[in-house]
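A.B. asks: Okay, here's what each chain looks like letter by letter:
There are 2 protein chains.
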Amino acid sequence: MNPEGHQLKTVWEGDETVSMFTPEPYHTAIPGYVYGGLIASLLDCHGTGGAAAAMLRREGRDIGEGEAPRFVTASLQVDFLKPTPLGPELEVRGRIVEITDRKVVLDETLSAEGVVTAKGRVVAVRMPEAMVEGS
Amino acid sequence: MNPEGHQLKTVWEGDETVSMFTPEPYHTAIPGYVYGGLIASLLDCHGTGGAAAAMLRREGRDIGEGEAPRFVTASLQVDFLKPTPLGPELEVRGRIVEITDRKVVLDETLSAEGVVTAKGRVVAVRMPEAMVEGS
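Protein chains in written order, with this note's numbering: chain A, 405 to 539; chain B, 405 to 539.
Each hint should be verified, as a subset may be incorrect.
Intra- or inter-copy, both count: the list cannot distinguish identical chains.
Taking lysine-lysine pairs in the DSSO-like style, the calculated list, with each CA pair at most 30 Å apart, reads [stated by the list, open to error]:
| hint | residue 1 | residue 2 |
| --- | --- | --- |
| 1 | Lys507 | Lys413 |
| 2 | Lys523 | Lys507 |
| 3 | Lys523 | Lys486 |
| 4 | Lys486 | Lys413 |
| 5 | Lys413 | Lys523 |
Since the hints were made in silico from the structure, they are not lab data.
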């Protein structure tokens, strides 16, 4: 949930999970625009964080209340709708579309200055025990 | 095609485009494994590079022969099949499944030590003129 120091924090706004992130000048491939790999990373990262938040809520707990279940991404779909300008803070919003004991599906949007520039869908699954070190 | 200094170079092997990349120790979220955002970035980056290579080949040119057409990603689908170990060089392979004047669709695999750990599909489109600075 903290890959490459994105330090993406997720909060609830009603039934939506929300994260904010301001890209750095090096997050570009085409001058002036955010590079697609960062957008995919943010949607991926928000997806596993949102899945953990959803599972906590399902158990009647809030984000930060006790140990969170850990999720990994099973699949990620990103539609790049328009170029994302480099500069403004980006907002990622997630909506839970399916939740079971071991799987959460989220639909996501990424927007800059109120304009949705990318949409995503993440299927997140509980982390396999074999991946949890020291447990 | 060179986001965040991935410096992904693409070559042809028969009908497949191939790129190699060795992750850095910081490309992780879960100790010992490559973080999903990097995998998505590599598939994205190889997708636009592979699309350019495919368009050049269609015009009878090889990679590096004259100016390459530039592509942006319209959509990216990643299926994470199993954890990708952090350490070994990763290989991304692309296969062109559709090509028109303005669009290329590639199916991709990412593997570590001969084991496919992720699959992807990229829809790449010619870069809109508005995004090309100074042209």
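A.B. asks: With reference to the structure, classify each hint as holding or not holding.
C.D. replies: Hint by hint, here is what the structure shows:
Proximity of Lys507 and Lys413 under a CA criterion of 30 Å is satisfied intra-copy only: 21 Å inside one chain copy versus 36 Å between copies. For the identical chains of this complex, Lys523 and Lys507 are neighbours both inside a copy (20 Å) and across copies (20 Å), given an alpha-carbon limit of 30 Å. Within a single copy, Lys523 and Lys486 get their C-alpha atoms as close as 10 Å, and across copies as close as 24 Å, so both meet the 30 Å cut-off. Proximity of Lys486 and Lys413 under a CA criterion of 30 Å is satisfied in both settings, with 25 Å inside one chain copy and 26 Å between copies.
For the homomeric pair Lys413 and Lys523, the shortest alpha-carbon distances inside one copy (19 Å) and between copies (28 Å) are both at most 30 Å.
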